[in-house]
Amino acid sequence: MPTSCEPAEVSGTPLPGVAGTGQPRRRSRRLTDKSAGALFLVSSLLSAVVLLGILLFLLHYGVRTFSEVPVTRFLFGTTWNPDAYGEPAFGLIPLLVGSFLTTLIALVIAVPLGIASAILISERLKGWVRITTKTLVELFAGFPSVVLGFFGLVVLAPFIAHLFHVPSGLNLLNAGVLLGFMSLPTIISVSDDALRVVPHSYREAAYALGATPWTTAFQIVLPAARSGILAAVMLGFGRAVGETMVVLMVAGNAAIIPHSLFDPIRTITSTIAIELGESAFGSAHYYSLFALGCVLFIIALGTNLVAESLIKRERRSFTL
Amino acid sequence: MTGHAPTPGRQLRRTRFASNYGFWLLGIPLALFIAFILLMFFYLFRNGLSVMSWRFLTQPPLNGMTEGGIWPCIVGTVLVTFVSLVFSVPIGVFSAIYLSEYASNNFLTRAIRSSIRSLAGIPSIVYGLFGVALFVSALKLGLSILASGLTLGLMNLPWIITTAEEAISAIPGSFREGALALGTTKWEAIRHNVLPYAFPGILTGILLAVARTMGETAPILFTGVTYYTRQLPTSLSSKFMALPYHLFTLATQHDQMMKVRPIAFGTAIVLLVLVLIFDALAFVFRLRSAGSNKWQV
Chain Z
1 MPTSCEPAEV SGTPLPGVAG TGQPRRRSRR LTDKSAGALF LVSSLLSAVV
51 LLGILLFLLH YGVRTFSEVP VTRFLFGTTW NPDAYGEPAF GLIPLLVGSF
101 LTTLIALVIA VPLGIASAIL ISERLKGWVR ITTKTLVELF AGFPSVVLGF
151 FGLVVLAPFI AHLFHVPSGL NLLNAGVLLG FMSLPTIISV SDDALRVVPH
201 SYREAAYALG ATPWTTAFQI VLPAARSGIL AAVMLGFGRA VGETMVVLMV
251 AGNAAIIPHS LFDPIRTITS TIAIELGESA FGSAHYYSLF ALGCVLFIIA
301 LGTNLVAESL IKRERRSFTL
Chain P
321 MTGHAPTPGR QLRRTRFASN YGFWLLGIPL ALFIAFILLM FFYLFRNGLS
371 VMSWRFLTQP PLNGMTEGGI WPCIVGTVLV TFVSLVFSVP IGVFSAIYLS
421 EYASNNFLTR AIRSSIRSLA GIPSIVYGLF GVALFVSALK LGLSILASGL
471 TLGLMNLPWI ITTAEEAISA IPGSFREGAL ALGTTKWEAI RHNVLPYAFP
521 GILTGILLAV ARTMGETAPI LFTGVTYYTR QLPTSLSSKF MALPYHLFTL
571 ATQHDQMMKV RPIAFGTAIV LLVLVLIFDA LAFVFRLRSA GSNKWQV
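Sequences listed follow chains Z and P, in order. Residue numbers for the first sequence follow this note's numbering, beginning at 1 and rising by one. Residue numbers for the second sequence follow this note's numbering, beginning at 321 and rising by one.
Hint data in this document are derived by calculation from the structure and do not stem from the laboratory. Quick caveat, the model's predicted, so the values are computed rather than measured. Ideal Cβ positions, reconstructed from N, Cα and C, are used throughout, including at glycine. Treat each hint with caution, since some may be false.
Unchecked claim - Some chain Z residues judged to face chain P by a derived CB distance under 8 Å, without partners named:
1. Leu41
2. Leu45
3. Asn81
4. Val129
5. Thr133
6. Leu139
7. Ser189
8. Ile272
As the list claims (entries may be wrong) - Sample of chain P residues at the chain Z side, in silico, Cβ under 8 Å:
9. Ala453
10. Leu459
11. Ala571
Kindly generate the complete structure, drawing on both the sequences and the hints.
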């Protein structure tokens, strides 16, 4: 982008907002130009500051947990019961297991469905069908999670209880299925992008060798886009692991390590949501929730950075 | 051509079958997903329409929320979303202008871009924790619309930046060059020859952000939303009721859960309709900006 050095004087018809002659006018225009640039720079720096600020605040409160609870007891403890009289327990493991298991079920559902849908959307659909499908998928990405949780509570829970003859449908399976739906739009959109950056010459070369569109899609385009697809899976993982309201409403919220799909579980996110309101400000319990926030932050940031580098790697592989 | 083909081998027949019908099989999960969305809408609307009335929309909850309407929740949701936009729209658009017009490809720019993408991936409950720590405690805003609005604003900032940058970058360089050649400053060129044309795209992003912000619960949970308040918010420091939180409490916390279920359905569809209105507006503006791609060479 070329930068203009000197604001020029305009003779004849003035441009809107550019009128005026003489030294002071020129100086003020240059000043406006400079300060606009500075304002834009400061605004965009704010994002980096916010990211750093979130980390610092979480650490600031989170580390205070460890003045009462040893770090190892937090990271490797297998009981989460901060309210227990006498010996409160702050073990991360059951919550971490809860988060990962729900996310695992979500991905088992969403990854095959998401990739299949993305192949269809990117390789086969055209025109208004494509636009409509993509729009519906994108709109679902903004679907209020509390409404999906409510749907899980009133429809999916009784359905699961009835189908598998279990006492309650508020369990791991229910939360996993709904989280799968929540992460599906992310997986579809990012996979679709990954497939679309595969150059057309790849497909044309395959067609020229007599490959059918189906063979081309699965044996040429999909392998070429594998880093981008993996990034889609990572971002879907991040979406599912960070979701709060759905798991809060349908997972049953018992902080135990589950033995079956029908056991209730508690995730990191829902623990923060349940307990922040009821823990006393300044207590170890209160600070431990910020430590949980740190864990979530690190998982989310790590996932994002890996996904970002995978996307970059895919793009780089196509530039000659 | 196929008429002259010799009897194809099994391998070839299989390939041909996959090519002809395989993509339709891929369509099944997608169709099921879309059918699931539509069915869910149908189910919620069928159950919620019974309580829907003018009084439901305009009355406060009565009798321990077992009767009456959801007017304070609608007001609260609209207000808190508005506050979030007052914060995030200017900063988001300014950042987008910087990234697409000023930033050169150096370490600083890459760090900013990476931060924005990372922010978009931070779980909403973590924004809630940050809001409690910064706005409620450190800045002493207390539990208020302002604290909640700012927390939501931080959360939707990366969405607004990303879509606005896309819209601004889509304007061809010749637009700026034309203005610069006439002697304008860089800012004047952006102000008159770029932003007006990028406006529909920027607006699309803002509308989508509005839709998503209205449905968020986790960031407001501890920063100002309340179970029940008798009066409408009077200032930025009031606590407020909000649609998503109201739905959550009616569905899981209320002591007469089954009795308030119809009201919960009603709240869900009011929230959905509000979200859909903004999604639909965004869609209209996107179509319009896609239709005006006439300057693409």
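Verification of the supplied hints:
{"no.": "1", "hint": "Leu41", "verdict": "holds, 6 Å"}
{"no.": "2", "hint": "Leu45", "verdict": "holds, 7 Å"}
{"no.": "3", "hint": "Asn81", "verdict": "violated, 21 Å"}
{"no.": "4", "hint": "Val129", "verdict": "violated, 10 Å"}
{"no.": "5", "hint": "Thr133", "verdict": "holds, 7 Å"}
{"no.": "6", "hint": "Leu139", "verdict": "holds, 5 Å"}
{"no.": "7", "hint": "Ser189", "verdict": "violated, 13 Å"}
{"no.": "8", "hint": "Ile272", "verdict": "holds, 5 Å"}
{"no.": "9", "hint": "Ala453", "verdict": "holds, 4 Å"}
{"no.": "10", "hint": "Leu459", "verdict": "violated, 12 Å"}
{"no.": "11", "hint": "Ala571", "verdict": "holds, 5 Å"}
The earlier numbered hints that this structure contradicts are 3, 4, 7 and 10.
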